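As they're listed, the protein sequences go chains A and B.
For the first sequence, the tail end lands on 705 under the numbering used here, and the numbers increase by one without skipping.
For the second sequence, the tail end lands on 705 under the numbering used here, and the numbers increase by one without skipping.
Simulated from the structure, these hints should not be mistaken for lab results.
Be aware that one or more of the hints could be misleading.
Copies of the same chain look alike in the list, so a pair counts if it works inside one copy or between any two.
Restricting the straight-line Cα-Cα distance to at most 25 Å, the calculated cross-link-like pairs of lysine to aspartate or glutamate (DMTMM-like) are [stated by the list, open to error]:
{"#": "1", "residue 1": "614", "residue 2": "431"}
{"#": "2", "residue 1": "614", "residue 2": "599"}
{"#": "3", "residue 1": "614", "residue 2": "355"}
{"#": "4", "residue 1": "614", "residue 2": "661"}
{"#": "5", "residue 1": "614", "residue 2": "386"}
{"#": "6", "residue 1": "614", "residue 2": "488"}
{"#": "7", "residue 1": "614", "residue 2": "595"}
{"#": "8", "residue 1": "614", "residue 2": "478"}
{"#": "9", "residue 1": "614", "residue 2": "444"}
Being a predicted model, the structure only gives us computed values, none of them experimental.
There are 2 protein chains.
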Amino acid sequence: MPQPSDDWHGLIGQPVDHIDTPAAVVDLDAMERNLQRMAAFAHRHGVRLRPHAKMHKSAELARQQMAAGAVGVCVQKASEAQALWAGGVHNIFISNQVLAAEKLERLRTLSDAMAAQDGQLALAVDSALGVHRLARAFADAPAALDVFVELDVGQGRCGVSDAATALALAQQVAAAPGLRFAGVQAYHGAAQHLRSSHERAAAVQQAVAFVVQTRAVLTQAQLPPPLVTGAGTGSFALEAASGVYGELQAGSYLFMDADYARNQVGTDEPQFEQALFIKAAVMSRGPKHAVCDAGHKSHAIDSGLPTVWGQALQCVACSDEHTTLRGAALPALGDTVWLVPGHCDPTVNLHDTLIGVRGGLVRGQVERLIAVDARGALR
Amino acid sequence: MPQPSDDWHGLIGQPVDHIDTPAAVVDLDAMERNLQRMAAFAHRHGVRLRPHAKMHKSAELARQQMAAGAVGVCVQKASEAQALWAGGVHNIFISNQVLAAEKLERLRTLSDAMAAQDGQLALAVDSALGVHRLARAFADAPAALDVFVELDVGQGRCGVSDAATALALAQQVAAAPGLRFAGVQAYHGAAQHLRSSHERAAAVQQAVAFVVQTRAVLTQAQLPPPLVTGAGTGSFALEAASGVYGELQAGSYLFMDADYARNQVGTDEPQFEQALFIKAAVMSRGPKHAVCDAGHKSHAIDSGLPTVWGQALQCVACSDEHTTLRGAALPALGDTVWLVPGHCDPTVNLHDTLIGVRGGLVRGQVERLIAVDARGALR
């Protein structure tokens, strides 16, 4: 588990100015407002909140979310679950398929350890082979593994595409001694970044229709799904309003990013603030451009280049260690530039430590270092 | 400095089949052939080789390159230099600008330590402020810092754009007690991925013309540049043939990637083999697609999606933890897929450990673990 780099420790209590660049900086005030807004939303709508920790990969932040009412967290990988459990998170849903024997061995050990301390591990499945492997790995487990059957509700990635297959998998799970049929995983990834509320509503409506149909087939067969879980930061208000989803998995809302900032948000949805920034400094200047010292080894560009916070500057190119900026009023050599990453999840995964700042980016100071416990946890 | 994860240690001597997924795997035979081919090329053309270690970030591989004749390595960041020095690399050129006081303090400490063991640190500069800061930091240094004046030879990123400015900086360097004017840094990043030899030749010809002009101006002023350094894996044969460049900085040739594989290579250039792979496994199957367990947290997609090695499959989408594959003969659940990353440098930066395999990807076995010493070294 990576520990915050020693180099950063002297920063606690120091002004923001003292943070060397590039660095991943979290505005703790904004983050905590985001955290409370989503917790309040879930509470108000009577749905459970299980934030996706694939975004922050931090046990500390997961515990902070749970202290505010979240039932647990999601992750995508067995090794992420291991890292968060080691950091004190006791309720984890791997919202993804796991088939490899080596991984299932690790998960069995993890599940047993979690169960012994009143924790709970859960997993998604979308194939008969997957259930078969799980059933074998957990046949003699002291505590059952919660298993969700994943539906492909529109992304065209993982998940089964028809209710009959979902039923067959649910029956297979229900018949396995070490497994418990926990419900349906129904996340529509492709819906998250449709820009208008209208487009997202249409996409989620289709997802809900498939879930309703599947639920009817399962209920008919005496296997009503105990829970329907899914949703992301771009769509959670729609799933919450559906009356079908009992649990929301949004994760990005805590930090936000330039891509989610491009979504038009409905008036009945909470507004989230940008809380994750890359602090960068200008290291080279031309007459018409400036170059800062953070490139795509500092911030992921899979969802587009970063934007610049609080300055009329455009990022026009990113390479591994540089970002090129243009604008009418270019910053001078050495000036600070705050980049808003295009995509928060893979950006966080580039850093071992997030620097938590209290009091804003201008006059604030470093309050604490947040370890990215599951950074690089790919397996 | 990250150590290879304990999980991997049991793998040494095991067959490739036993490597859990996703994992960054290096075909050591292919890598060593690449290493020898480039070393032989440089030797044959009478130019120095200083491979860019921003690609592999590994002290072990840097030392292997130097054992085959490289004079040292390049890096982009002060913290990369620190990590490689800690791993026994004693000749390092930071081919980039450093302005921040905190970083210069670290570099002064590093330079002093290196000089005390017959090592040498070098740095690029492209501004008067940059030289001023360097001069102050190294004023009383026991050993001079080698300083290269960077020219913008076509990328439009860092570097000065005219010979007069280059001369002014060289004079400023030469006048500073702790600095030594070491020559000219002239890397044409944009030329590397022009697809035809013809386009690359035209781009490098322009770069060479600017270097020649600058060299004349410097020579006229009694400051002939001791060395012109630059070039990358897409263009090094052109710089070597120019008669102007004395040192080649190519880095990607050691591992290669899907982007460089798209370059048409001239008949007089050495051919490099793909040596870096992401081992992935199919975790979900639809009727017309397969999903493997490596996404862009495993392999960088800034230069395009990965290709699939040895199978007629196309990567059609990557998300954080998944890659979706299409093709006529789709692999089955659990099957291994070898991905060739779009871009090697930022891919390596996602991994703490590279798994070195001897004897090929099919029948080979794990020979050793290669620590990515400077993974995440951003500052």
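**Study point:** Violations among the numbered hints
**Key:** The structure conflicts with hints 1, 2, 3, 5, 7 and 9, although it agrees with all the remaining ones.
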